[in-house]
Amino acid sequence: MKSLRFYLAMAAAKGALFGLRLLRRNGTSLPGDVAVKIDKNFLAELTPPETVIAVTGTNGKTTVSNLLTSILRGAGHSVTNNSLGTNIRAGVVTALLADSTFSGRPKKDIAVLEVDERSSLLIYPYLKPDYLICNNLMRDSIKRNAHTEFIRYIIDSALPESTKLILNADDLICALLAPKNESRTYFGITADIPTTFAQDNTVKDIVYCPNCGGKLVADYIRYNHIGRMHCEKCGMGNPEPDFVVTAIDSAGGVFTVSHGGEAREFRLISDNIVNVYNSCGVIALLSTMGMSFEDIARGFSSAAIVKSRLGEVEVCGRKITVMMAKGQNPIACSRCVSYAASVPVRDKRVIIMEDDKHDNTNNVENTCWIYDCDYSPLKDDSITHVLFVGPRCLDQYLHALMDGVPEEKMSCTPDYHDIPEVLETRGCSNFYFLHDLYYERESEEVTRALTEKLREEGAV
Amino acid sequence: MKIEALFPEVCSLFGDGKNIKYLELMLPEAEFIKTPLTGEPYLAPDVDLVLIGSMTERTQRMVLEKLIPCKEKLLALVDSGVPILATGSAADIFCREIHYVTEKIDAEGLGIFDLEVRTDLFKRYNGKVLGRSGDLTLTGFKSQFSFFYGDNSAFPFMECERGIGINPQSRLEGMRRNNLICTQLLGPLLPSNPLFAEYLVSLTGRAAEAPFKKAAMAAYEQRLREFRDPKTEF
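Here the protein sequences come in this chain order: A and B. Quick note: the first sequence, position 87, residue 94 per this note's numbering, numbers continuous. Quick note: the second sequence, position 25, residue 27 per this note's numbering, numbers continuous.
Treat the hints loosely; a few may be bogus.
Said to hold, decoys possible - Each computed DSBU-like pair below joins lysine-lysine, with the alpha-carbon atoms no more than 35 Å apart:
| hint | chain 1 | residue 1 | chain 2 | residue 2 |
| --- | --- | --- | --- | --- |
| 1 | A | Lys386 | B | Lys215 |
| 2 | A | Lys240 | B | Lys4 |
| 3 | A | Lys333 | B | Lys73 |
| 4 | A | Lys333 | B | Lys215 |
| 5 | B | Lys68 | A | Lys211 |
| 6 | A | Lys333 | B | Lys125 |
| 7 | B | Lys216 | A | Lys222 |
| 8 | A | Lys222 | B | Lys233 |
| 9 | B | Lys68 | A | Lys222 |
| 10 | A | Lys240 | B | Lys75 |
| 11 | A | Lys211 | B | Lys73 |
| 12 | A | Lys222 | B | Lys36 |
| 13 | B | Lys106 | A | Lys416 |
| 14 | B | Lys125 | A | Lys47 |
| 15 | A | Lys187 | B | Lys68 |
| 16 | A | Lys333 | B | Lys216 |
| 17 | B | Lys125 | A | Lys9 |
| 18 | B | Lys4 | B | Lys106 |
| 19 | A | Lys21 | A | Lys47 |
| 20 | A | Lys222 | B | Lys106 |
| 21 | B | Lys233 | B | Lys125 |
| 22 | B | Lys106 | A | Lys44 |
| 23 | B | Lys233 | A | Lys240 |
| 24 | B | Lys106 | A | Lys47 |
| 25 | A | Lys416 | B | Lys36 |
Hints are computed from structural coordinates only; laboratory data are not their basis. If you're wondering where the values come from, they're calculated on a predicted model, not measured in any experiment.
For reference, chain A alone in the conformation it holds in the complex (with noise of 0.2 Å):
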């Protein structure tokens, strides 16, 4: 039996819910604000839909979200998802409460929540997942996040013993999370694994066993922590995979996944070697709800990346390959910034507008995260031209000069709107615009300038 104060908060997040839709304003979690302010027990008196799956970790969970509801949508069930809004607790009412009846019963099968760390207080003793994805745990925002042990804290302080996990084998941390949660199911890769070890100035958020105190010791490293690490006192270690990526073909644009003597590939929706990882969780998460291979294999042959987190625009034969990371998370900006390097090809020109905007204009600002992004890779020779962006673009090329990027190929602009006339385009095929999760409407409109130069500039 529901209160009557739920049916109240129902009432008026319903209410809010249907005028913020005749606004066009979807993307809002204030209905969510609205029950909650009424009543603080309305998560949990909502009745859930049958399944719940969390998906949670530092990087990596919008991505995984989106994914999981094209899937299992495309498999045929009814999904409650809140891409449209914010991971945190208001975010996650408004997803449920919109596909509820006004008595607060489920009208989808399924939601797929995407749950920010720190909201796990104020979300798991409530709503309690079936399954919880959890595809990494990492140095994230200073302000809000602290460090990784704090993150592992709050998490298996909330989290019910009966959710089934599914973690990242290759991330140690993660791997950890919640030891008393008896169903686990870890993922991994073991294809193209790396044969030099990372570079002493990324960070790594675990170094000592946390049973023993002993030293860890890298098998291989990957990035920052995310590798294969023993302790060299007790032996503990990365657990196996039960769902192994055994094989990545970026040419032929699939990637082989492994499981229980079964193997099959699988369409690559990005070559990154964390969107590999996030795939491959989705994998073992799927199939250890019960759907077969074959199906996840036809849900990824039309599944993508939200164009805001990665994108390409090709004009007269030039490419701009525009990529979001959060700022403030120095291990997303230093993989964009990675990427880049990486990918095979002469004379790319990289915009990084990573800084804060909203946290220098709308809140207290602290820009630390700034030095522990890993700027070296922007050494490399393919790169012959890097413009900072943003407010704290000053700062930004002072650490990269301490990284080792030389002076004569670096430029900085604080303002956005200056980017088209400040970089130097011609003769360039290859641009790499990486920025803020803030900054999205900014950088549509960085796209859209930088497009028309070249355009105008036709050809190389």
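Dock chain B against the given chain A, drawing on the hints supplied.
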């Protein structure tokens, strides 16, 4: 010249590691001793400068296990005027005791400063600081779970023009004893304050120019303008 970075593999949480890198660029001839948590602190009389940066709460307790037995060596360096810089949550361990409120754990600190630390994982403080230490104006950032309680008026590191000191009621930031400087300003304090980097090195009796000084000063001066702007939130 010998510079010891204490436990840099775990005490570089918020970009603090870039203080070591900045000094490496500034003093290319210096020998850098990077003491891991599995090793023993050097802290010998011939060390010229010691650095320690931000760490997690669990790491603080492990670091204290390492440093409490070395307290006499550390005090000898402090008394002989060797500059020691502790940034971010490294400052906590120099206080008398740390109360981890959330985890309900109390830990004995190094006790060099008679202050008590209260660490609450559910109360994160974020803020900026604009302050003066001697002739220098510093800018910096705070993101922390801990505040210090007690009276640091006899030994502050700097006086805040804007932002808070050791707790929300305090205008006196950090602690200083001789050339031991403890500040809750975290991260890349030296590249962000190139004149302070030069001052710190001058405490060793040497002079060196801050690396990429023109670029570093441009970023510092921009921040200084913004921090002095009354519209800037702290």
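Violated hints - listed by number, lowest first: Checked against the structure, the hints that fail are numbers 3, 7, 8, 13, 18 and 23, while the rest are satisfied.
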